[in-house]
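K.L.:
Letter by letter, the chains look like this.
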Amino acid sequence: MTYLGDVAALARKDLLLELRSRDTVPAMVLFVVAALVVFNFSLPAGSGTLAAYGLLWVAIVFTALLGLMRAFLAEREQRILDGLVLTPADRSAIWAAKGLAVLAFLLLAELVALPAFALFFEPVGAELVAGVLLADLGLAAVGTLLAAMAAASRARELLLPLLFLPLVIPVVVGGVGASVAADPARYLGFLGLYDLVFAILSWASFEYVVTE
Amino acid sequence: MSTSLRNNGAVVLAAGAAALLLAGLALAFYWVPNAPVEGFRQRIFYVHVPVALTAYACFGWAAWKGLRLLSTRDRRYDLESYTAVHMGVIFGALTLVTGSIWARTSWGVWWSWSERQLVLFLILFLFYSAYFMLRYSTDPGPRRANMSAVYALFGVVLIPVSFLAIRLAEGLIHPVVFDRNVDENLAASQLVTFGVCLAGTLALAGALYVNELTGKRLDERLRELREALA
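Protein sequences appear in the order of chains D and H. Going by our numbering, the first sequence opens with residue 1, and the numbers climb by one from there. Going by our numbering, the second sequence opens with residue 1, and the numbers climb by one from there.
By construction, these hints were calculated from the structure, which means they are not laboratory data. Keep in mind that the hints are not guaranteed to be accurate.
Claimed, not checked - Under 7 Å between C-beta atoms, here's a sample of chain H residues computed to sit facing chain D:
{"id": "1", "residue": "70"}
{"id": "2", "residue": "123"}
{"id": "3", "residue": "126"}
{"id": "4", "residue": "127"}
{"id": "5", "residue": "130"}
{"id": "6", "residue": "138"}
{"id": "7", "residue": "146"}
{"id": "8", "residue": "165"}
In this text the structure is predicted, and so the values were computed from the model without any measurement. Where a beta carbon is used, it is the ideal one built from N, C-alpha and C, also for glycine.
Using the sequences and the hints, build the whole thing.
P.N.:
Put into structure tokens, the structure is as follows:
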């Protein structure tokens with residue numbers, strides 16, 4: 001099989017699993033809507049429109065975190081990761097497939113979250129959508145690698161936010177900039193740079209995280 | 001694996017660090033003239049900046065050792081990388097403390113989000129603190145060594161990316177109120193003093209590194225012996 005064939009087969013497995021069990025996506029959707037409602041009450045009157053855009057990015061990062069926490073759950077419970085590593089496929093294909101699945105779940109959650117944000121708070125412009133799409137790539141790429149690390153540790157769910165949040169601060173900066181700045185192109189460019197750098201790094205180093 | 005308690009390299013480095021740091025402090029207090037704007041308090045520059053640069057050097061060293069581990073699979077690099085991160089976090093915490101003191105004396109506040117270096121060090125401090133969580137919550141073995149090495153590599157990539165992010169965020173969220181201008185026209189006396197202080201701090205980090213590495217190796221050897229006996 002080709003590399004892309006491996007990735008497609010593995011990603012199909014994850015998507016099929018989610019389609020049958022419906023474990024992750026409904027939880028992410030419910031979480032992000034609930035978070036937006038909480039934000040409505042956490043913003044004091046007169047805090048302005050910019051604060052809402054800032055909080056949207058908090059919601060997106062934490063929703064991604066929620067999806068990532070479950071990303072390797074099936075592999076861990078059924079001890080499948082060792083089997084996957086033993087297959088003749090390139091190990092980075094496991095990362096790419098899992099990243100694609102995480103990305104798909106995140107996009108589905110945002111398909112609900114962005115209209116909800118537009119309904120509850122502020123209008124959603126093209127720059128914001130572009131920023132969200134670029135940020136999703138980075139969140140999924142970095143998050144999948146860190147989720148694999150966290151899955152190998154004893155702390156698991158506790159460890160992932162600690163590893164994930166400092167690393168995605170640049171994503172938040174780029175995303176907030178893309179949503180509120182007068183010149184969003186700089187921030188979108190920065191998000192693209194982040195995606196490129198960390199996707200390459202994660203792709204190259206995933207093999208070491210899952211093997212001995 | 002060397003587990004000898006007597007370590008001549010550490011002794012030489014420690015003596016050198018003591019001499020250089022004393023000389024650097026003496027130069028900073030008695031030789032360098034007062035800075036034109038900041039006056040006497042600008043002298044914390046000779047502690048703060050060398051400590052910050054040493055922290056970067058430690059993180060860079062950790063990533064280099066991590067890269068060596070991944071390419072050679074030689075397990076001794078794992079402890080070396082770990083020790084370097086350990087030292088980096090100590091010097092990073094010192095950078096935060098000295099930077100905070102400088103902010104207090106210069107601007108009257110303990111913390112300012114418009115100070116790029118301080119914000120960067122806060123992010124790095126959080127990031128590398130999680131490194132310890134990762135290590136402590138994973139069973140010792142080649143996989144933990146690999147994961148630690150990958151994490152250390154992510155750290156050195158995060159440094160420039162975060163720096164860029166902070167610069168971008170500054171224009172957006174935090175207006176630049178303060179302008180420090182310490183790097184403008186460093187006089188010869190300032191440059192020499194700074195060089196001596198930097199060399200002293202690096203030697204101190206080196207001495208601590210060698211010392212800590214010996215200790216960690218002993219710990220590991222002891223654990224292996226215990227396991228062999230059990």
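K.L.:
Against each hint, give a clear statement of whether it holds in the structure.
P.N.:
Hint check:
| no. | hint | verdict |
| --- | --- | --- |
| 1 | 70 | holds, 6 Å |
| 2 | 123 | holds, 6 Å |
| 3 | 126 | holds, 4 Å |
| 4 | 127 | holds, 4 Å |
| 5 | 130 | holds, 4 Å |
| 6 | 138 | holds, 4 Å |
| 7 | 146 | holds, 4 Å |
| 8 | 165 | holds, 4 Å |
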